[in-house]
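Residue numbers (this note's numbering), protein chains in the order written: chain S, 1 to 351; chain V, 1 to 351.
It cannot be assumed that every hint is accurate.
With a cut-off of at most 25 Å between alpha-carbon atoms, the simulated DSS-like pairs for lysine-lysine come out as follows [to be verified]:
no., chain 1, residue 1, chain 2, residue 2
1, V, 68, V, 2
2, S, 10, S, 68
3, S, 2, S, 68
4, V, 322, S, 228
5, S, 322, V, 228
6, S, 228, S, 182
Rather than coming from a laboratory, the hints here were simulated on the basis of the structure. If you're wondering where the values come from, they're calculated on a predicted model, not measured in any experiment.
Number of protein chains: 2
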Amino acid sequence: MKQLNSTALKVDQDRISILDQTRLPNQEIWLEIPDPDAMVGAIRRLSVRGAPLISIAACVSLALHAAKIESEGVSGDEFAINIRETAERLRESRPTAVNLMLALDRMVFRVAPESLSTAHLIATAERIFEDDLALCEAIATHGQQVIEDGDAILTHCNTGGLGTTGIGTAIGVIRKAHELGKRIHVYVDETRPLLQGGRLTTWELDRAGVPYTLICDNMAAGLMRDGKIQRAIVGADRVALNGDFANKTGTYSVAVLCDYHRVPFYCAAPFTTVDPECANGDTIPIELRDGDEVRGFAGTGLVWSPAECQVYNPAFDVTPGKLLTGLILDSGYYPSDAIEAGALTELFAPG
Amino acid sequence: MKQLNSTALKVDQDRISILDQTRLPNQEIWLEIPDPDAMVGAIRRLSVRGAPLISIAACVSLALHAAKIESEGVSGDEFAINIRETAERLRESRPTAVNLMLALDRMVFRVAPESLSTAHLIATAERIFEDDLALCEAIATHGQQVIEDGDAILTHCNTGGLGTTGIGTAIGVIRKAHELGKRIHVYVDETRPLLQGGRLTTWELDRAGVPYTLICDNMAAGLMRDGKIQRAIVGADRVALNGDFANKTGTYSVAVLCDYHRVPFYCAAPFTTVDPECANGDTIPIELRDGDEVRGFAGTGLVWSPAECQVYNPAFDVTPGKLLTGLILDSGYYPSDAIEAGALTELFAPG
Numbered sequence: 001m002k003q004l005n006s007t008a009l010k011v012d013q014d015r016i017s018i019l020d021q022t023r024l025p026n027q028e029i030w031l032e033i034p035d036p037d038a039m040v041g042a043i044r045r046l047s048v049r050g051a052p053l054i055s056i057a058a059c060v061s062l063a064l065h066a067a068k069i070e071s072e073g074v075s076g077d078e079f080a081i082n083i084r085e086t087a088e089r090l091r092e093s094r095p096t097a098v099n100l101m102l103a104l105d106r107m108v109f110r111v112a113p114e115s116l117s118t119a120h121l122i123a124t125a126e127r128i129f130e131d132d133l134a135l136c137e138a139i140a141t142h143g144q145q146v147i148e149d150g151d152a153i154l155t156h157c158n159t160g161g162l163g164t165t166g167i168g169t170a171i172g173v174i175r176k177a178h179e180l181g182k183r184i185h186v187y188v189d190e191t192r193p194l195l196q197g198g199r200l201t202t203w204e205l206d207r208a209g210v211p212y213t214l215i216c217d218n219m220a221a222g223l224m225r226d227g228k229i230q231r232a233i234v235g236a237d238r239v240a241l242n243g244d245f246a247n248k249t250g251t252y253s254v255a256v257l258c259d260y261h262r263v264p265f266y267c268a269a270p271f272t273t274v275d276p277e278c279a280n281g282d283t284i285p286i287e288l289r290d291g292d293e294v295r296g297f298a299g300t301g302l303v304w305s306p307a308e309c310q311v312y313n314p315a316f317d318v319t320p321g322k323l324l325t326g327l328i329l330d331s332g333y334y335p336s337d338a339i340e341a342g343a344l345t346e347l348f349a350p351g
Numbered sequence: 001m002k003q004l005n006s007t008a009l010k011v012d013q014d015r016i017s018i019l020d021q022t023r024l025p026n027q028e029i030w031l032e033i034p035d036p037d038a039m040v041g042a043i044r045r046l047s048v049r050g051a052p053l054i055s056i057a058a059c060v061s062l063a064l065h066a067a068k069i070e071s072e073g074v075s076g077d078e079f080a081i082n083i084r085e086t087a088e089r090l091r092e093s094r095p096t097a098v099n100l101m102l103a104l105d106r107m108v109f110r111v112a113p114e115s116l117s118t119a120h121l122i123a124t125a126e127r128i129f130e131d132d133l134a135l136c137e138a139i140a141t142h143g144q145q146v147i148e149d150g151d152a153i154l155t156h157c158n159t160g161g162l163g164t165t166g167i168g169t170a171i172g173v174i175r176k177a178h179e180l181g182k183r184i185h186v187y188v189d190e191t192r193p194l195l196q197g198g199r200l201t202t203w204e205l206d207r208a209g210v211p212y213t214l215i216c217d218n219m220a221a222g223l224m225r226d227g228k229i230q231r232a233i234v235g236a237d238r239v240a241l242n243g244d245f246a247n248k249t250g251t252y253s254v255a256v257l258c259d260y261h262r263v264p265f266y267c268a269a270p271f272t273t274v275d276p277e278c279a280n281g282d283t284i285p286i287e288l289r290d291g292d293e294v295r296g297f298a299g300t301g302l303v304w305s306p307a308e309c310q311v312y313n314p315a316f317d318v319t320p321g322k323l324l325t326g327l328i329l330d331s332g333y334y335p336s337d338a339i340e341a342g343a344l345t346e347l348f349a350p351g
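So that you can see chain S by itself, here it is in the shape it has in the complex:
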């Protein structure tokens, strides 16, 4: 396989390494991921994360697995069955982000058995990896029409180079605005429980030199009332055809607060996040995660709440499309009324 490099995922010959995102920003540790089952583990514990990146990581892992078993003499039906079963395990690692499912469809499940070769898997995985860079660039470019010089922008979770192979989705729009000389300031929601904002977005904005202020999630409302936030941009893990979308838990709260305070609210994502099978948000499955993530700070062993207390810990929530000012995709900018008129359905129209 080609040498592939991004902020948090590298492929060199037959070796995949990921930057362990559970340890950032205090430690920058690269982990070698030897096989797809190790990748499933890395995805589940969020060592690799972000809807676009987990799909890409799963695909390169599957492609290298194919090369390995082929070199061991596995072929024919045995090869096809092994690849499909491995792809199933990767597909089930996280239920909400649809990029993973759609990428594995493209790799395996929508491929005729006779075409399911190592060459196809490697070429497709490489293309998915490299395409994501261009998707991020296109999102960042289309997003500029909604960012003005002087804006203070709220963002939630991490949607940057750690969750994609490019400059990111929502963070990509922000970074591009900064690169173009717009004087922007970012308010970073820390994003409980896993603190992707406090740990990862801060780390990325530091590296990119974009000025920001870290806040607790519950402080955004007061800043909006005080006129300190001009707009909000978030990413997505799955977008339905009517504009409803699943994203990191707390996104719906941001959307409601924006609506109340008349702050424009945008979602930025690649087309690989739009689920053509999903008419609206009601059918998006929401992953429930371990209560210790809320009882304390997962990964450190630190628990500050009673050890057995009952916890509700959805990893994502669904925001109704009607709360969006607009959706920024690689294919363009879709204002709320265009989505309502069927713009996302048209993306998938044949021809």
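Go by the hints and put chain V onto chain S.
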């Protein structure tokens, strides 16, 4: 001084002990607080906290200090000056909660110099301590008219026996409902950054046997949309005469989310939290605290965000009275329209 006992503050002869609330729920450690300056430190680092309790703790500390300097032969002008200066230092320990200021007015600043005796200070401190029990009971009783059998109730921060000498304010209403056999369930906002919900309210509800579910602050909106929350009750650190009130950071966010989802939203507090000098919320000073509270989890030394990153960390925010469904005081229940018609101003009318 009398022997005085509450969940987190005890007085035995000339010794004051506080339950160190920075260590709960994992460790129950009582600290002896030898003098008012040590009490200022304990208040600032939140070892003792909650608007009613810090005012009471400051008063007993000042009264015992008076007894001590009197026994050392300090008297006359020297005594009065010492007491006033000590009271000033206590008054400045935290700027937002008004109970502390009003209690010290009653103890010292509105007392004629010739009446400023150890006997007055001890009797007043004892009365303030003991009165708070009755205030909590009255709040809990008046609050029952807004709690129905089967309710799931959202609360924010800690407003229980750890923040008062009685059963609490908002938590007092909840505990009383449970004691009366109403089948209620509490959703506990963890309340970043200092996690008073996750650490303290959970601990109190466990001890009281009230069923609850711990959530991150950003999850409440989704629960409201799903119809899982019937009402929200919070406390206050200062209530203005028009119903605007300062409370733990994140309260304003809860209020907006309740308004959007048509969830009734209440504030419960003793009359000692209403500031007759304060016409509206604009003049309430908001304490800004150390950024490390947001960069990590204060008190543990754990910092998960970049060490030098810019942080906004207001300890409180102000919620407009118009977002209240009603205010529950010890003197009764005040629906929003009664407050608008001047009900709080009338509380302070002479005669």
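To see whether the hints hold, each was checked on the structure:
| no. | hint | in the structure |
| --- | --- | --- |
| 1 | V:68 - V:2 | holds, 15 Å |
| 2 | S:10 - S:68 | holds, 18 Å |
| 3 | S:2 - S:68 | holds, 15 Å |
| 4 | V:322 - S:228 | holds, 22 Å |
| 5 | S:322 - V:228 | holds, 22 Å |
| 6 | S:228 - S:182 | holds, 17 Å |
When each numbered hint is compared with the structure, no violation occurs for any of them.
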